[in-house]
Structure formats: C-alpha cells, structure tokens
Amino acid sequence: MRKSYLIWTLVIGGGFMFVFLVALLSLVLLLSSNDDGVSGLGFGLPGDRIAVIDIEGVIFDSKPFSEQVKKFVDDPRVKAIILRIDSPGGGVAASQEIYSEIKRLREEKKKRFVVSMGSVAASGGYYIACAADKIVANPGTVTGSIGVIAEWYNYEELLKLARLKPEVFKSGKFKDTGSPTRRLTEEEKAYFQGLIDQMYNQFLNAVIEARNGKKNLTDEHIRKLADGRVYTGQEAVDVGLVDELGDLQEAIRIAARLVGISGEPQVVTPPKPRPRSLLDLLMSSDIADNITRLVPEQLRGPNSGAAVQFEYLWK
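Using the numbering used here, the first residue of the sequence shown is number 11, and each one after it goes up by one.
Since the hints were derived computationally from the structure, they do not count as laboratory data.
Please read these numbers as outputs of a predicted model, since none were measured by experiment.
Where is the CB? At the ideal position from N, CA and C, for every residue including glycine.
Heads up, some of the hints might be wrong.
Stated by the list, open to error - Here are the computed distance ranges between Cβ atoms for each label pair:
1) Arg192 / Leu268: 52 to 58 angstroms
2) Leu268 / Lys225: 15 to 21 angstroms
3) Pro149 / Gln208: 19 to 25 angstroms
4) Glu117 / Gln212: 16 to 22 angstroms
5) Gly150 / Pro190: 36 to 42 angstroms
6) Lys170 / Gly204: 29 to 35 angstroms
To be verified - As a list, the in silico EDC-like pairs of lysine to aspartate or glutamate whose alpha-carbon atoms are at most 16 angstroms apart:
7) Lys234 / Glu245
8) Lys325 / Glu161
9) Lys144 / Glu254
10) Lys144 / Asp257
11) Lys183 / Glu161
12) Lys325 / Asp96
13) Lys80 / Asp64
14) Lys144 / Glu260
15) Lys199 / Glu167
16) Lys185 / Glu197
17) Lys120 / Asp85
18) Lys199 / Asp257
19) Lys80 / Glu117
20) Lys113 / Glu161
21) Lys183 / Glu197
22) Lys224 / Asp143
23) Lys180 / Glu161
24) Lys224 / Asp248
25) Lys119 / Asp143
26) Lys81 / Glu111
27) Lys113 / Glu219
28) Lys225 / Glu198
29) Lys199 / Asp186
30) Lys81 / Asp64
31) Lys80 / Glu111
32) Lys144 / Glu197
33) Lys80 / Glu107
34) Lys224 / Glu254
35) Lys119 / Asp84
Using the sequences provided together with the hints, build the complete structure.
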C-alpha cells in the first residue's frame, strides 16, 4: 500500500513538474519576442526601442531587407534602426533599391538610420550606407571601393580547341555584346564603358549627396576618393567618408542620442529565418538558382549566370 502511494506521489509530482517547466519555457519564449515576432533584448516590455538589421554577404536581392525592415517601420516604439553591414556589395540594382528604400523610410516614416560597419562594408555596402543619418565603422573595417565592375570569361580560344563554332542570329548589332564566345569589338567596348560610366555616376552622386560638406569635403575631392580603392575605417573617417569610429554598441548609443533615448535602449532584432535544408532548396520553384547558391561565391566565377552582370562589388 505504501509502495503504491509512493509511486502515485512520484507520478503526480513529476506531472506537475513537467507542466511547470513547459509553462516556464513558454513564458521565456513569449518574453523574448514581441507580438510581431521580433526577438532581441526588449523582452516584450513597453518603451523606446532600437532595431538592428543585418545586411550580410553579397547583395543579390533587396527583398530580404524589405521584409525585415517592414517589421519595424510602423512600430512607434522603434525610434531608430541600426543597419549592421558586413558586405562587399553586389548587384547595382539591388544596392540601389535598398538605398532608395532607406531614403524613403527616413522621409515618410521619420525613422532614423545609423550604419554600423562590420569587417567589410565596401562598394554596394558603402552605397547603402550613404542613405543613413550616420555611418560608424571599426578602425579596421574595409570600406570604400566606390565604383562599378563587370567581368566574364572569354571561351573563344577554348571553343577553337574543341572545334566548336557558335552560330548566332540577332536583331541588332549589340544584341550579343558580352557573349563569352567572342571578343568585344572596339565599338562594343565603348558601349559597355558608357554603361559603366552611367552607373558609376549614379554611385558618385549618392556619395556626394551624403558626404558633401563633411570634413570640408567638396565634390571634386569626393571624385578623387572615388577611384575604386578601399579604405580602412580609420582612413575613411579621416577623409570624411565615415562619421565616427566605433563598434555595434557605440552605434546603438549614437542612435539613442539621435532620437533622445536616455539610458540603455531596448534592442530588438528580426527573428532569424529557419536554415533551409537541401530538400527545401530542391522543392523550391527556382531550383536552378537555389543549386547555384549552394556553391560558394568564390567558386562560381564571374558571371555564373546567363547575362553580363554590372556590380557595385569589391573583389
């Protein structure tokens, strides 16, 4: 009898303990994210917040950034957004779309943006930074690389060795410009250089708009700095391309001062996406693109796609 009583006591006690642990875990998960699914150090409490959004790796698409920033722009508790950039840049259009969205949100939503540069924030990464209210870099950050690049492999001699000859029908003389099966003509080189120059001037104008007058920078001085070279964070501050030196925590403090938050602000971040498995990638509608993305960027080679790519990219 006593043995049976002891067993039931242990079972019931264990059940209560299990329910308690489940409830405690649920409470922790609830407090570590707010009602928008945003996680971080805010613990779901009311008050002024600063959001931190990561922009990492080569920039192929602006959609991931747009999906993350929309979680914060309509939240009145979020007073400022930190853009933690660790990127060598990427596609011209993708970089421009993120830049334009930041500018629009600053104007329409009255949000303040501060850039915190990580190891690298070059080319398209720097282009994006130019849209922010303040740029903060580490002394050893690699930044700058203001310019445009397009490159691809020419397979003409390889095709000759294989005794292969492409046959091309086209509607205009520039339709196959950039084909890897032949050399560019002088006219085509001038045509491509014209495109490069246009995209470079778009980049240059964004830098001039953002940095003109900083450290007594003039348009002419900025043009001299924008020759494609990279700068350390310390050099970038010295020449006026970056506002201040500091790490992520310093950028958060700067953002807090900009929006008048006293004391330590609550910091929130978007929820991290679930890592995609090989099966997820293969089941996606864009299988070919997903398989390409499984290959490291360094192994893909320039222009792994079908068309010539113009890039704000530090290589």
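Hinted pair lysine 80 and aspartate 64, Cα distance within 16 angstroms: holds (14 angstroms)
Proposed proximity, aspartate 84 with lysine 119 (alpha carbon, max 16 angstroms): holds (8 angstroms)
C-beta pair leucine 268, lysine 225: status relative to the range 15 to 21 angstroms that was hinted: holds (19 angstroms)
Agreement of lysine 225 and glutamate 198 with the hint, judged by alpha carbon distance not exceeding 16 angstroms: Not satisfied, since the Cα-Cα distance of roughly 40 angstroms exceeds 16 angstroms.
Holds or violated: lysine 224 to glutamate 254, with C-alpha atoms at most 16 angstroms apart: holds (12 angstroms)
Distance restraint hint 19 to 25 angstroms, applied to the beta-carbon atoms of proline 149 and glutamine 208: Since the Cβ atoms of proline 149 and glutamine 208 sit about 34 angstroms apart, the hinted range of 19 to 25 angstroms is violated.
16 angstroms Cα cutoff - pair lysine 113, glutamate 219: With Cα atoms ~12 angstroms apart, lysine 113 and glutamate 219 stay inside 16 angstroms; holds.
Restraint check for lysine 80 with glutamate 111, where alpha carbons must lie at most 16 angstroms apart: holds (11 angstroms)
Range agreement (Cβ of glutamine 212 with Cβ of glutamate 117, hint 16 to 22 angstroms): Taking Cβ atoms as reference, glutamate 117 and glutamine 212 lie about 19 angstroms apart, which means the hint holds.
Distance restraint between lysine 185 and glutamate 197, which requires alpha-carbon spacing of 16 angstroms or less: holds (13 angstroms)
Holds or violated: lysine 144 to glutamate 254, with C-alpha atoms at most 16 angstroms apart: With a Cα-Cα distance of about 8 angstroms, the restraint between lysine 144 and glutamate 254 holds, given a limit of 16 angstroms.
Straight-line alpha-carbon gap lysine 81 to glutamate 111, limit 16 angstroms: Distance of about 14 angstroms is within 16 angstroms: holds.
In the structure shown, a violation is registered for the earlier hints numbered 3, 11, 15, 18, 20, 23, 28, 32, in ascending order.
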